[in-house]
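Chemist: Residues per chain, in single letters:
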Amino acid sequence: MNTLRIRDLTLGFKGWSGTVEVLHGISLHIGRGERVALVGESGSGKSVTARIVLGLLQSLRSTRLSGLVEFEGRDLSKLSERERHALRGTKMSMIFQDPTSSLNPVYPILTQFHEVLRRADPAINLTGARARAEKALADVSITDPSRALDSYPFQLSGGMNQRVMIAMALANDPSLLIADEPGTALDVTVQAQTLRLMREQVERHGTSVLFISHNLGVVREFADRVYVIYKGRIAEQGPTAALFEDPRHPYTRALLDAVPRITGDGIPEIEDASDAYFAPTEVHEGYGEPEGAA
Amino acid sequence: MTHPLLSLRAVSKTFHSGGREVKAVDNVSFDVAEGECLAVVGESGSGKSTIANMILGIYPQTLGEIAFKGAALPGRRDLAHRRAIQLVQQNPLSSLNPRRTIGASLRLALDVHGIGEKAGRAERTGQLLEEVGLPADFRTRPPAALSGGQRQRVAIARALACQSELVVLDEPTSALDVLVQARVLKLLADLRKSRGLTYLFITHDLSVVRNIADRVAVFEKGRLVEIGPTASVFEAPTHAYTRRLISAVPVVTVAEAALRQRLTEDADAHA
Ligand SMILES: Nc1ncnc2c1ncn2[C@@H]1O[C@H](COP(=O)(O)OP(=O)(O)OP(=O)(O)O)[C@@H](O)[C@H]1O
Ligand SMILES: Nc1ncnc2c1ncn2[C@@H]1O[C@H](COP(=O)(O)OP(=O)(O)OP(=O)(O)O)[C@@H](O)[C@H]1O
Ligand SMILES: [Mg+2]
Ligand SMILES: [Mg+2]
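Protein chains in written order, with the numbering used here: chain A, 2 to 295; chain B, 3 to 273.
Please note: incorrect hints may appear among the correct ones.
What the hints assert, rightly or not - Which bits of chain B does chain A cover? Going by a derived footprint, with three or more residues having C-beta under 8 angstroms, they are:
hint, stretch
1, 20 to 34
2, 180 to 187
3, 210 to 224
4, 244 to 250
5, 255 to 262
Said to hold, decoys possible - Take a look, some chain B residues computed to stay more than 10 angstroms from chain A by CB distance:
hint, residue
6, PRO6
7, VAL43
8, LYS50
9, LEU58
10, THR64
11, GLU67
12, ASP80
13, LEU148
14, ALA177
These aren't lab readings, by the way, just hints derived from the structure by calculation.
No residue lacks a Cβ here, since even glycine has one placed at the ideal position from N, Cα and C.
Given only the sequences and the hints, what does the whole structure look like? Please build it.
Modeler: And the structure:
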């Protein structure tokens, strides 16, 4: 059974001037212990897809949703708001793109970490939480975990807050981890360390990862499979190595050509967006979507 | 004698939190010449954003002097300084007022600094959005209805709205896909030329630095460990931390992997 299966997902936002269609039928799946990357255009629908999986958009009045989202074989639309809430932070966890949307500015990190641990272990006290949190922060290369725990988010650097979120997201051994741009504020050595940590987590607990990133170098090093998304449609999907060596979709090619090189050839020349970017999905051999009993 | 546009002399910043002292910036000196793009890279938590905040006058330095055009910057900035030195914050969500539409936020920046004729300002907000590759009708949306990368571009548009001289950019392109990133970097490069802007460009993306910066400053634990022209820092880094940094960059091409390999071997040889 796949940990996550999404089929023909569409999403629109209703506003005064009609509905804005954001997702036009996305299908993807993540097997147990698989690391799957979702890469693509800014504004193409990566974060909203993640929020739908977490059950955060279902209850908004302005959203129009259709399609199937199945977590460990359970259709999310058949769960109550309470059941969806119970999954969040325990079996599913998320590292948000923007730390301000998941760290509360008015509580010290320790209080927030305690909350997270209590979701899975309601009996844990502050002393117990402190011990576990210190260990978890040391794992993400925070040099003085005890200072970090006694700090408010504004007293920590951007990268320290990001690492706090990564540590919190892994704390309850989720079966699905959604990481939305987890490394943007990390220097490359710390980033390599956090990727190692996530990889260990995957191996130890069979965690599945949905990894959203604009950093194609990181995706190449971390993911088993990649989905490329353009304006709410999947453009290309396949195993990481094949996709980087043999990009087939015009949008994927344009994306790979636009990566700045560390060897220094100047900022890449960008052509205007082309209608060819709307070409049908390219699927690499043997990497299509499973047929489920949908 | 001409002065550098910005100069830091023996600047330190110590924070006190929870009964402890944190030396965030430790005796740092460097200059930024007019028209230059200086990249600031380094360890997470090494004091980069703290330096940005002191240059902006968000809080004062503990020791040392920060001078703009040869004159020490006062603790409390007047409107002229606030216009001359602009910041694009690391966190675009927290820098945009959630209750204001995007258009109103941009409009406010134009009003505060009295940019352009009053009658043309509403239209100008639309142009600013288009310059960073967003549709003009995003004016009517609140920040929550934008993706991460779209918000980041609004923050850039706002900093460019004012006729500033020095722009401090803290991770300005980290939330952008590489196509949009290339476009925004081109825009920044063009504006630098046409308006004679000066950039202090803080980022973890060394591949971006390699292609846009004139010089690079490398920070570790609050200290400036290396500063020099971009090509020489990348091809022949002198400090061990710089070598470690460059050899950890995730890359996509074979040529890049070869450069990284060479630096890793150098690093091992020096160790
Ligand atoms: N509440 C909303 N109302 C209207 N449109 C919205 C709303 N939330 C998001 N959108 C739009 O939906 C699209 C997808 O947004 P999403 O945040 O998923 O993008 P993304 O792929 O994560 O982009 P980025 O890489 O920039 O973070 C964007 O064009 C955005 O403007
Ligand atoms: N207001 C504050 N109060 C206490 N400590 C602070 C405060 N602001 C920053 N610090 C501390 O100063 C140090 C430097 O932080 P800074 O935000 O400048 O790092 P940075 O180089 O920008 O890191 P990153 O790359 O992660 O964004 C960190 O140890 C941080 O915890
Ligand atoms: Mg996003
Ligand atoms: Mg910072």
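Chemist: Against this structure, judge whether each hint is valid.
Modeler: Against the structure, the hints:
1. 20 to 34: holds (count 3)
2. 180 to 187: Since 7 is at least three, the answer is holds.
3. 210 to 224: Coverage by chain A holds here, the residue count being 4 at a Cβ distance below 8 angstroms.
4. 244 to 250: holds (count 4)
5. 255 to 262: Per the Cβ count (5), the hint holds.
6. PRO6: 25 angstroms, holds
7. VAL43: 8 angstroms, violated
8. LYS50: Violated: least Cβ distance 8 angstroms, not greater than 10 angstroms.
9. LEU58: The claim stands: LEU58 (chain B) keeps its Cβ more than 10 angstroms from every Cβ of chain A (closest is about 15 angstroms).
10. THR64: 16 angstroms, holds
11. GLU67: 24 angstroms, holds
12. ASP80: 26 angstroms, holds
13. LEU148: 8 angstroms, violated
14. ALA177: It is violated; ALA177 (chain B) is separated from chain A by about 6 angstroms at its closest Cβ, not greater than 10 angstroms.
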